[in-house]
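Number of protein chains: 2
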Amino acid sequence: MNRSALRGSILTFTGDPFFEDPRDCCTFIEDGLLIMKDGLIESVGPYEERAAEGLDPAYYPQAIICPGFIDGHLHFPQIQMIGAYGEQLIEWLNTYTFVAEQDYADPGHARRAAGVFLAELLRNGTTTAAVYCTVHPQSAEAFFEASSALNTRMIAGKVLMDRNAPEALLDTAESGYEDSRRLLEKWHRHGRQLYAVTPRFAPTSSPEQLRAAARLWREHPGSYLQSHLSENRGELAWVQELFPESRRYLEVYEKFGLLGPRSAYGHCIHLEEEDFADFRQSGAAMVHCPTSNLFLGSGFFKLFEARRQDRPVKVALGTDVGGGTSFSILRTLNEAYKTARMLGARLNAFQGFYLATRGGAEALDLADRIGSLAPGCEADLIVLDLKATPLMEFRLDFAKTLAEKLFVLMTIGDDRAVKATYVAGKKVHSRD
Amino acid sequence: MNRSALRGSILTFTGDPFFEDPRDCCTFIEDGLLIMKDGLIESVGPYEERAAEGLDPAYYPQAIICPGFIDGHLHFPQIQMIGAYGEQLIEWLNTYTFVAEQDYADPGHARRAAGVFLAELLRNGTTTAAVYCTVHPQSAEAFFEASSALNTRMIAGKVLMDRNAPEALLDTAESGYEDSRRLLEKWHRHGRQLYAVTPRFAPTSSPEQLRAAARLWREHPGSYLQSHLSENRGELAWVQELFPESRRYLEVYEKFGLLGPRSAYGHCIHLEEEDFADFRQSGAAMVHCPTSNLFLGSGFFKLFEARRQDRPVKVALGTDVGGGTSFSILRTLNEAYKTARMLGARLNAFQGFYLATRGGAEALDLADRIGSLAPGCEADLIVLDLKATPLMEFRLDFAKTLAEKLFVLMTIGDDRAVKATYVAGKKVHSRD
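Residue numbers (the working numbering), protein chains in the order written: chain C, 914 to 1345; chain S, 914 to 1345.
Any given hint could be a false lead.
[To be verified] Calculated cross-link-like contacts (lysine-lysine; reagent style DSBU-like; alpha-carbon spacing at most 35 Å): (1) C:1318 x S:1340; (2) C:1340 x S:1318; (3) S:1339 x C:1300; (4) S:1318 x C:1300; (5) C:1300 x S:1340.
[Said to hold, decoys possible] Ranges between beta-carbon positions, derived for each pair: (6) S:972 x C:1098: 48 to 58 Å; (7) S:1003 x C:1008: 35 to 45 Å; (8) S:1340 x C:1153: 39 to 49 Å; (9) S:972 x C:1339: 58 to 68 Å; (10) S:1058 x C:1186: 56 to 66 Å; (11) C:1150 x S:1218: 43 to 53 Å; (12) C:1003 x S:1128: 53 to 63 Å; (13) S:1128 x C:1004: 26 to 36 Å; (14) C:944 x S:1159: 10 to 20 Å; (15) S:967 x C:1079: 52 to 62 Å.
These are calculated hints, taken from the structure and not from any lab test. Using N, Cα and C, we set each Cβ at its ideal position, and we do this for glycine too.
Produce the entire structure from the sequences given, and follow the hints as far as they go.
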């Protein structure tokens, strides 16, 4: 029996602050005690000496303990080309991405990048992510091996592309299916690893490949599907050309049976009401990647349209590294705030932290395991230092309420605010 | 005679990369030697053992030495409310700014904030800034005292407001003139300090005050004038109401004689061609504050319209702390890139670094003294560490050209990339 404990302020959500008063859906314990046992959370409550006895809790004053962040969309091979200059989506893929991804035919390179990538996630407090590898099965092998060694709960998959990309990055409908099936059977639910069937997006998969992807996904209940939707206007026009029988981009994925619970679509920018309704009805999730959308000039995700009370769509946050330029979910929240602002809306701190934790877990159908600090949940959690930089230290003196403190964290915080990251009860990153 | 030297890669501009090929307007010395003497730059050239003899140069490998950054617009009292939630300009001023600024009646508070503020600037590599204090003369006193002690070249002024703000923050046309005059006579050109007559913006100054501000500015050749222009649509409507005789916002300032060389206007978002032409003709400068403009949902500055080759307007970058959420000019460049992207344009790294250094100096009429690394210039310079974080360290291995390296710095760099800051030849900040 492996028990340990943390002491400090504890924040977790029990409901949805898009629709409920934070007082009704958010638990905040000023001086709390969280006990972990065998990788799970055993109990959460106010600090009591008696309960802590014999556990010698790690004490974090001036900090907030909250669930590990969830990143619903990013590309591990793109870590080497994060912050690439000057293009919109399609040119950016051709100029940078499809060049970088060819390096991942080399398992050694893939292993090195996977190690740096996972370390960076943990440094930023992200304990679960939905990750695109490259077309090469060895890239997914490298990723899962590294994640498995860390015991992180990750969702990932080999990319499927059988057209409109360089020869060296193409599979076929059949080889893509077979390679993915082998990876899925090996890694899905192997420890904490989860597999996502990963057709990059409609333009780089033939109808045959999309059909095969759907088949594989449906054959393995509980597995994931991830792809991109409606990021960029040039992409929209291209999809229209390739799939003239579908009026809306989303119809392409629908037609092939690629929409449903445990499917997650990145970006979702240029949508109409029918699209939102289809997401709601199918149980599919949208992943909001604001940094990337601003960096590539893609547009503004309509978060408050997605989260409309009469037909709320599940939404996770995504950094979309390397289209996004930061691994930090805190910085991503800053960008999400700005994106909402440009549409005349306001993302408050409770909504922000909800999206980053429990909301992301709900979108990925993992809310019973991660995203909350509650007994029985997996002990993936982070310690956010309210005084991580000289500026934060000065600023926090003037923040009175929890809402203000959280907003300062999501506005001027970055990886330095993550003082410690725990995965399944074990400290895997410590800032100092 | 006080001589010292630095060794490392040296970057400086000799012209304008908006209109010239970088090869023709940018000097980059891979292994350079920069010698400083009595606060000025004595020489810049390739490293030679003979030249360095006896100087024991501080050696910075894996780094770029460039001029200190120039921040053309920010508010020192707002450091305590940086990252305040949820409002557009006018409500934001009333809800947060005008509350925070009242604290600066207390000289002790002003001194403490000025110290933190200047330290934060230097930590971020900013060696010159144009700074708004509060309406209280003691706030400007505190700022200049602190800047003077550091020997930083700063431009600042007490804010002028005689209407439409809380009573405790109002001066009068006459008292504002007199207080400003006293401050100007005491601090302008006192060591490296420079004074800016600072009417906050048209809505909070009566016509009498704007007239008095222009008089004071004109009476002291070489002094500065700073204000805000056309940040927000609500502000535009308000100005229209207060000054119905002016069709354009800018006409208000023009009418009172507030446009000319050494005047700098923050934001300048909602402009028409006549406005750009007036700026060009008058020699006034625009200050581009992209972080703030996104954070407050103000809009997108038309940088490439301002920098049109047939009538280029002078442009500096500004963080606009606390409407902006970062003191980092590198992060501000990331936001400037995104802002350009949303308008379909591309800000390249040479243009970015030019705006942050020589371009800012030109906008503030200081290009003969700062913003370049050239003999005779003041030795304000920074050392940018290309491998400041684990992510940068990995990423830089894949950046081949100088353009790529600079772009990575401006995309994923922050205060940590500033390894050292030198002011007038003296190291005033060291990261490690």
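Worksheet item: So which of the earlier hints does this model not fit?
Response: 8, 9, 11, 13 and 14
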